[in-house]
Amino acid sequence: MRPSLLSRIGLLACTALLLIWSLGPVYWALVTSLSAPIDLVSASPHFFPVHPTLEHYRQLLGATSFYEGSAVQSVWPQFSRALVNSLLTSLLATIVTVALAAVGAYAFVRLKFPGRNVLFVLVVASLAIPAYTVMIPLYRLMVSMKLIDTYFGVTMIYVSAFLPLALWLMRSVYQSLPLSLEEAAWMDGAGRTYTLFRIVLPLAAPGLIASAILTFLSAWGQFMIPLVFSPTLSTKPLTVLIPEFVSRNYVDYGLMNAAGMLAIIPPIVVVLFLNRYLVQGLMAGSGK
Amino acid sequence: MSSELVNSETALTRAGNASAVNSERMLGFAFVAPIVVVMGFLVFGPVLVTLWDSLHRVDPMRAGTPFIGLDNYRNLMSDARVLHAWLNTLAYVVFAVVLETLGGLGAALLLNRITWGRRWLLAAVVLPWALPPVVNAIVWSWIYNPSHGLLNSVLFSTGLIGAYHVWFNDRTTALLLVALVHVWRMLPLTAVILLAALQSIPAELYQAARLDGAGPFRLFSKVTLPLISGGLAIALSQSTVFAFNLFDEAWILNGSSLDTRSVLIQVYMSAFQDLRFSYGMALSVLVMFASLVISLVYVLRVYRETRYD
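Those protein sequences? They're chains A and B, same order as listed.
Position 104, counted from 1, in the first sequence is what our numbering calls 104; the numbers after and before it change by one each time, with no gaps.
Each number in our numbering comes from the position in the second sequence (counting from 1) with 288 added on.
It should be emphasised that the hints constitute simulated quantities derived from the structure, not laboratory data.
Computed from a predicted model, the values in this text were never measured in an experiment.
Positions of the beta carbon are idealized from the N, C-alpha and C atoms, including for glycine.
Keep in mind that a hint or two might mislead.
[What the hints assert, rightly or not] Taking beta-carbon pairs under 7 angstroms as the criterion, some of the chain B residues facing chain A (in silico):
hint : residue
1    : Ala308
2    : Leu330
3    : Met349
4    : Ile356
5    : Leu358
6    : Asp359
7    : Val480
8    : Leu546
9    : Leu574
10   : Met576
11   : Ser579
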């Protein structure tokens with residue numbers, strides 16, 4: 001049955017609609033970030049920058065910049081600091097989470113020990129706990145351990161927040177691996193730990209990449225946790241810094257959109273180059 | 289899993305058997321120990337403290353933390369602001385679940401049909417999910433801007449509205465617009481889950497149904513829909529729980545305004561603005577139980593369904 005011309009046009013129209021819905025807002029933010037401030041307040045919208053300018057980006061990345069003729073202070077010191085904070089906390093949280101999930105999920109699938117199922121159910125059930133349920137006791141705990149506004153403190157909270165999903169995902173990955181390979185290794189006298197690190201983990205690499213991506217993106221986009229636990233620039237990430245541009249100057253949408261465009265570069269890179277793993281992670285993380 | 293253990297263990301002596309089981313236990317404990325420490329200190333411990341504190345009066349402004357039983361919970365039932373926030377959250381859940389399910393199903397069907405460039409279309413569809421919610425909210429608040437926003441100018445120039453609107457002046461519109469930003473971010477998840485379900489349907493089923501003379505509508509309702517019901521249940525539970533926990537979008541777009549205040553924002557306001565710690569904690573406990581129940585209902589349904597095959 002060959003698709004008729006009509007159904008082809010319908011398909012094309014639906015695709016166009018879906019693309020506009022998904023990419024339209026991102027494109028609009030890009031246009032805004034490249035537009036001169038005067039064009040942003042003009043009566044009719046322009047779907048491409050009329051007078052393209054890098055002014056907003058210069059304000060973020062340059063040493064000094066000019067705004068409507070007068071020199072304004074660049075926000076590069078704060079911006080670069082927050083960028084480093086975002087990268088460091090997200091990467092650290094990703095490494096620790098994936099390491100704990102890789103080893104822990106193996107134990108939940110292949111090793112027998114008392115309390116295994118109870119522990120697993122408890123950890124997965126914690127996915128349903130809103131961050132604010134634990135926020136106040138956690139805050140007191142962090143204050144008493146002097147971990148507020150430290151990389152270690154924020155990273156560990158991220159780990160505790162994103163570990164359940166990574167565990168859930170890694171468990172389904174291990175469950176789908178054939179047991180015969182491991183059995184063969186045991187027959188040859190290999191120990192459990194050796195088998196895990198030399199045979200199972202390499203096979204589970206796609207799952208490990210998927211959990212790393214999910215964890216990294218969740219940590220990169222986190223707002224509530226650093227809002228409370230990263231009060232100063234020593235650990236404050238981009239997601240907390242960018243909304244502050246509202247109150248600092250005035251609502252500078254050009255600057256905020258430019259900062260937003262820079263903050264979404266890592267997620268865009270992931271989606272462009274690692275989308276296969278991301279989609280696998282989303283499917284496995286929610287299903288099974 | 290247990291059968292393979294039994295097989296390999298029958299060859300061993302009884303003493304060796306016991307020590308093998310013992311060493312497996314020790315290894316199991318060692319592998320999950322870091323998880324127990326992290327989750328125990330940072331999640332389960334604090335949850336227990338929250339449960340305990342919600343039965344007390346914990347105010348940094350007032351001395352002492354007397355036991356007050358269920359008073360916090362009782363007061364929550366008659367607090368107008370809290371009820372208002374629950375209604376807002378209910379509206380978010382309804383808007384989000386309906387739009388995400390319909391939109392996600394449409395996107396999944398389209399992605400399943402398309403053969404050329406599916407990889408790139410999928411990347412475009414998934415992108416909003418990957419972006420930081422804060423950045424999404426900022427991008428959309430610029431689109432919703434009353435004087436220079438894209439929404440007003442597009443609707444005005446196409447003649448759909450006669451004058452520029454301040455969108456957040458009307459509660460229903462404001463709730464819908466906040467929910468729309470949430471839908472933009474979460475629709476990819478529903479689409480991906482449903483796409484996976486669609487791809488697991490064998491093509492022969494469609495051929496057989498077509499031979500029996502089924503049209504496109506009957507194909508969809510008699511073949512597609514029943515076979516993706518498992519995926520649909522998961523997608524529904526995910527979108528419900530995420531909409532239930534909506535915070536970032538409403539906070540960035542409209543701050544603490546009562547019109548768009550979700551339950552979690554109410555928790556934040558009670559605890560950190562009004563400084564009634566245990567009152568906010570009690571509300572967060574209710575949110576937690578509601579989330580757990582929603583997840584449980586769907587998980588049990590899915591579990592029962594998957595056991596048939």
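To see whether the hints hold, each was checked on the structure:
1. Taking 7 angstroms as the C-beta contact cut-off toward chain A, the hint placing alanine 308/B at the interface is violated, the least distance being around 10 angstroms.
2. A distance limit of 7 angstroms between C-beta atoms decides the matter here; for leucine 330/B the minimum to chain A is near 4 angstroms, and the interface restraint holds.
3. Checking methionine 349/B against chain A: minimum C-beta separation of about 14 angstroms lies over 7 angstroms; hint violated.
4. The interface hint given for isoleucine 356/B is broken, as the beta carbon of that residue sits about 17 angstroms from the closest beta carbon of chain A, more than 7 angstroms.
5. Restraint check, leucine 358/B versus chain A: the minimum CB separation of about 17 angstroms is more than 7 angstroms; hint violated.
6. At its closest, the beta carbon of aspartate 359/B sits 18 angstroms from a beta carbon of chain A; the interface hint therefore is violated under the 7 angstroms criterion.
7. The interface hint given for valine 480/B holds, since its Cβ lies 5 angstroms from the closest Cβ of chain A, which is under the 7 angstroms cut-off.
8. Interface restraint check: leucine 546/B against chain A, minimum CB-CB distance 18 angstroms, threshold 7 angstroms, status violated.
9. Annotation: interface hint on leucine 574/B violated; nearest CB of chain A at approximately 10 angstroms, more than 7 angstroms.
10. Residue-level restraint check for methionine 576/B holds (minimum Cβ-Cβ distance to chain A is 5 angstroms; threshold 7 angstroms).
11. Proximity of serine 579/B to chain A holds as hinted, the smallest CB-CB distance being about 4 angstroms (cut-off 7 angstroms).
Hint violations for this structure: numbers 1, 3, 4, 5, 6, 8, 9, all remaining hints satisfied.
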